[in-house]
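So the sequences go chain by chain: H and A.
Straight run, no breaks: the first sequence in numbering that gives the first Met the number 0 ends on number 417.
Straight run, no breaks: the second sequence in numbering that gives the first Met the number 0 ends on number 417.
Keep in mind that the hints were calculated from the coordinates and are not lab data.
A hint or two may mislead.
A pair holds if it fits inside one copy or across any two, identical chains being indistinguishable in the list.
Quick list of in silico lysine-lysine cross-link-like pairs, DSBU-like style, CA-CA up to 35 Å [as the list claims (entries may be wrong)]:
| id | residue 1 | residue 2 |
| --- | --- | --- |
| 1 | 270 | 416 |
| 2 | 396 | 411 |
| 3 | 221 | 241 |
| 4 | 62 | 237 |
| 5 | 171 | 62 |
| 6 | 365 | 62 |
| 7 | 365 | 396 |
| 8 | 171 | 110 |
| 9 | 102 | 89 |
| 10 | 411 | 171 |
| 11 | 241 | 416 |
| 12 | 411 | 221 |
| 13 | 110 | 416 |
| 14 | 237 | 98 |
| 15 | 89 | 365 |
| 16 | 110 | 99 |
| 17 | 396 | 221 |
Protein chains: 2
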Amino acid sequence: MEKSVEIITVGDEILTGQVVNTNAAYIGERLTAAGIPVEWMTVVRDQRQPLLDAFATAAARAKVILVTGGLGPTPDDVTKPCLVEFFNDKLVLREDLLKKVEKRFTDRGLKLPEVSRGQAEFPASASEIPNPNGTATGIHYSRDGREWFALPGVPYEMQAMIEDYVLPRLLKIGLGGQVVIRILRTSGIGESFLLERMTRFDEAASLVDVAFLPRYFGVDVKLSSRGAEPTEVEWRLKEAEKLLLPDIEEYLYGYDSETLPQVVGGLLREKVFRVAVAESCTGGLIAKLITDVPGSSDYFDRGAVTYSNQAKTELLGVPTSMIEDSGAVSASVAEFMARGLLERSNADVTVSVTGIAGPTGGTPQKPVGLVYIAIADRSACQAHELRFIGDRDTIRKRTAAAALKLLYDRVKNLDSKG
Amino acid sequence: MEKSVEIITVGDEILTGQVVNTNAAYIGERLTAAGIPVEWMTVVRDQRQPLLDAFATAAARAKVILVTGGLGPTPDDVTKPCLVEFFNDKLVLREDLLKKVEKRFTDRGLKLPEVSRGQAEFPASASEIPNPNGTATGIHYSRDGREWFALPGVPYEMQAMIEDYVLPRLLKIGLGGQVVIRILRTSGIGESFLLERMTRFDEAASLVDVAFLPRYFGVDVKLSSRGAEPTEVEWRLKEAEKLLLPDIEEYLYGYDSETLPQVVGGLLREKVFRVAVAESCTGGLIAKLITDVPGSSDYFDRGAVTYSNQAKTELLGVPTSMIEDSGAVSASVAEFMARGLLERSNADVTVSVTGIAGPTGGTPQKPVGLVYIAIADRSACQAHELRFIGDRDTIRKRTAAAALKLLYDRVKNLDSKG
Chain H
0 MEKSVEIITV GDEILTGQVV NTNAAYIGER LTAAGIPVEW MTVVRDQRQP LLDAFATAAA
60 RAKVILVTGG LGPTPDDVTK PCLVEFFNDK LVLREDLLKK VEKRFTDRGL KLPEVSRGQA
120 EFPASASEIP NPNGTATGIH YSRDGREWFA LPGVPYEMQA MIEDYVLPRL LKIGLGGQVV
180 IRILRTSGIG ESFLLERMTR FDEAASLVDV AFLPRYFGVD VKLSSRGAEP TEVEWRLKEA
240 EKLLLPDIEE YLYGYDSETL PQVVGGLLRE KVFRVAVAES CTGGLIAKLI TDVPGSSDYF
300 DRGAVTYSNQ AKTELLGVPT SMIEDSGAVS ASVAEFMARG LLERSNADVT VSVTGIAGPT
360 GGTPQKPVGL VYIAIADRSA CQAHELRFIG DRDTIRKRTA AAALKLLYDR VKNLDSKG
Chain A
0 MEKSVEIITV GDEILTGQVV NTNAAYIGER LTAAGIPVEW MTVVRDQRQP LLDAFATAAA
60 RAKVILVTGG LGPTPDDVTK PCLVEFFNDK LVLREDLLKK VEKRFTDRGL KLPEVSRGQA
120 EFPASASEIP NPNGTATGIH YSRDGREWFA LPGVPYEMQA MIEDYVLPRL LKIGLGGQVV
180 IRILRTSGIG ESFLLERMTR FDEAASLVDV AFLPRYFGVD VKLSSRGAEP TEVEWRLKEA
240 EKLLLPDIEE YLYGYDSETL PQVVGGLLRE KVFRVAVAES CTGGLIAKLI TDVPGSSDYF
300 DRGAVTYSNQ AKTELLGVPT SMIEDSGAVS ASVAEFMARG LLERSNADVT VSVTGIAGPT
360 GGTPQKPVGL VYIAIADRSA CQAHELRFIG DRDTIRKRTA AAALKLLYDR VKNLDSKG
């Protein structure tokens, strides 16, 4: 149990399958990346006895115990009292925390609800883990050679506390190992085909671990280099990357945590281009993804969600006769949408999408999953026909990913305006 | 531990966060629906000692143990040998299973790979769980009053075996209980305020379990009624709902698995209304959420993602002078956006959003999180000022949720066109 880590997730909603345990996955990923392997994950009910039992089991097998959930203000939140009982500690009302909690409400013109006063009670002999995004203060105990961290279950609150407090603390006490990770992010190719293209895969795999992670936006190729000697660990990683990259470069859009919308945005900013999108079957998803990126107002001009045929005609000038002749899902309509938006906006490049996301609306000639994506700029307009498999949600996500990759490829090859 | 169930998921890919544990969620959901509550979920490495430890821990606290993963043909698949060791059993090559495994390959014109012969070895004193979709036969032990089931980790193989074998077996031995669940889905109010409004909370909580689940779209209030006598279980649930509902009714938008976009869509369809949205800070998210629902083309007319001021003016007719005087983030601009879209579309009701999602762009007068939402129909247009806390993603999601709730409230009070 020298370095062993256990994650305890508290919550009936996980046990009943209403909520998938993404919090444990997040923590697992972050700790693994820091060279701290997670050995156990446990999910337990929001109840005193099972939680105390889980604490006892964890104490017997782990050195680091991370608890998420059960720190809220309602009666089903039992983590804090259970920790206090487990460590034979007591709760005290902390005036400084009370002020903080109160301020979160008064800042929004609200009065502190009576039930939320409990959020200012804190175990006498624990350390606080500051929560910049909520009222639940995290709890940190160092006891009998073990580190205990209790964090709220709200993902963005928990995540900030892992990054700002838990990870630095674990690294400080020497739990991190030498692991260097490099993620090659690709789009537009499946994992088996990616592997098939890698002529020097075996050589690379003898230097580092190579894992393929299929995601909606494409396949991530994750290289993990481990060892005792930092210089050698770094060297292995660089060598492996050199061996793999030439064969897959055309599908690569970024590294590590870079997302496709971020990379596209960076390229648009660099070239001083503005983009606009016209979406039918993706219904606003592409615009949403582009504007997920802070500062995207620098390069995102506008979006038109032309779901109805009438909207395609009124907002983008697609001729009614063209929709009647070719159908709304066709290469010519996609091209016209992209060109029409280019004429009617301040964008230098436009993306359009029309397709059948399902589950209904498919025909033998035009099945569910058939999608046309067009990219237009001042010099050219090109439509692409793509076919996706999956449910409505999957088809929409894969369509958005493909549209962003096509946009990226086009903008990369255009001369900068700046 | 009388009826207690533990799910053990075997696999490093879950512990490293590469894969989210959807298998455990599936089993949790199916067993809960059958009245068999899951008490524990554990994730463990693909290694002998940790897995044997997990078996011992489970045997000490659970009556039913469901293991998924680790039944494949490669060396990292250790579940079968560990079970055999744990139960002091032995593996025998089963000719009937070998034929089945072989047939799966020859049917596809392939020769049985040597490594896959191991799939025909089965514990001498266990029962088979047939796998209609793969080569890994499931393993069932009944020992010392406990039921052990080992299933493959491939989701669709595992799911079929849960449905066809595990659930019928658990019901046959009398584990199914009476659990009835009712979820009251609310939006527009935090959990502490919701609890504060519930004047009869204590009475309700004496009848059923009450849990509060905060989500981006609002807070779910989950009532779980348990017991031996079906009529009484139903009665408790109905009584509890009657006690809680009057105090929170104005925040309720639906029940159980109904989502806000579904409920809004159903209402629009029922009243024969079409909707259009004009989005600034949410950047297409509201349109995306509305069109997530299959069949939304019946009531979704169009969306305008007017991110730039110029787009607000060109697409919605917002006067440049108004943006200069009041700022793009203001009640008057929100109102004008909603009205402008109503005039320029075929919608009966429109929603507009303008705000500061951050992380930059805030000022002391107009901080990050300040949002204006307007709803317009033929008779009226009203803007609402809201303030949200959180990161960019949270502010955008909460804004979209609030906009959909305001749309819902408005449409509910309008006369049907049909």
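The hints, checked one at a time:
| no. | hint | verdict |
| --- | --- | --- |
| 1 | 270 x 416 | within (6 Å within a copy, 50 Å between copies) |
| 2 | 396 x 411 | both (22 Å within a copy, 31 Å between copies) |
| 3 | 221 x 241 | within (14 Å within a copy, 53 Å between copies) |
| 4 | 62 x 237 | within (31 Å within a copy, 46 Å between copies) |
| 5 | 171 x 62 | within (15 Å within a copy, 42 Å between copies) |
| 6 | 365 x 62 | neither (57 Å within a copy, 46 Å between copies) |
| 7 | 365 x 396 | both (19 Å within a copy, 34 Å between copies) |
| 8 | 171 x 110 | neither (40 Å within a copy, 54 Å between copies) |
| 9 | 102 x 89 | within (25 Å within a copy, 65 Å between copies) |
| 10 | 411 x 171 | neither (42 Å within a copy, 56 Å between copies) |
| 11 | 241 x 416 | within (32 Å within a copy, 65 Å between copies) |
| 12 | 411 x 221 | within (24 Å within a copy, 50 Å between copies) |
| 13 | 110 x 416 | neither (52 Å within a copy, 41 Å between copies) |
| 14 | 237 x 98 | neither (51 Å within a copy, 40 Å between copies) |
| 15 | 89 x 365 | neither (67 Å within a copy, 42 Å between copies) |
| 16 | 110 x 99 | within (13 Å within a copy, 68 Å between copies) |
| 17 | 396 x 221 | both (22 Å within a copy, 30 Å between copies) |
The structure does not agree with the numbered hints 6, 8, 10, 13, 14 and 15 stated previously, though it agrees with the rest.
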